[in-house]
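Engineer: Sequence:
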Amino acid sequence: MAWIARGLAILLAVVVIVNGGYWESHHHLWAGILMALLGIISIVVISGGSAAHIERDEIRLE
0 MAWIARGLAI LLAVVVIVNG GYWESHHHLW AGILMALLGI ISIVVISGGS AAHIERDEIR
60 LE
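Oh and the sequence shown: position 18 is 17 in numbering that gives the first Met the number 0, straight run, nothing missing.
Honestly, the hints are just simulated from the structure, not real lab data. Since the model is a prediction, treat every value here as computed from it, not as a measurement. For glycine and all other residues, C-beta sits at the position ideal for the given N, C-alpha and C. Just to be clear, a hint being listed does not mean it is correct.
Quick list of the computed label-pair ranges, beta carbon to beta carbon [as the list claims (entries may be wrong)]:
no., residue 1, residue 2, range
1, I42, Y21, 10 to 20 Å
2, W2, L28, 13 to 23 Å
3, A8, I32, 19 to 29 Å
4, G47, H25, 30 to 40 Å
5, I32, L11, 25 to 35 Å
6, H27, W2, 31 to 41 Å
Working from the sequences, and respecting the hints, build out all of it.
Structural biologist: Written as structure tokens, this is what we have:
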């Protein structure tokens, strides 16, 4: 079930990045840049969280 939540979070982050690109090109430059950065940061946090979870499980097995 966690992979479903992680996948949906990544999908939402990608939508935020695309929406930021639209805003950047059509409306407000800074709003678009900030939205794109928010999406990128979200993907990094999601990816880092899963890596930390795997590392914690490996340490527990040793």
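Engineer: Hints the structure violates: just list their numbers, smallest first.
Structural biologist: 2, 5
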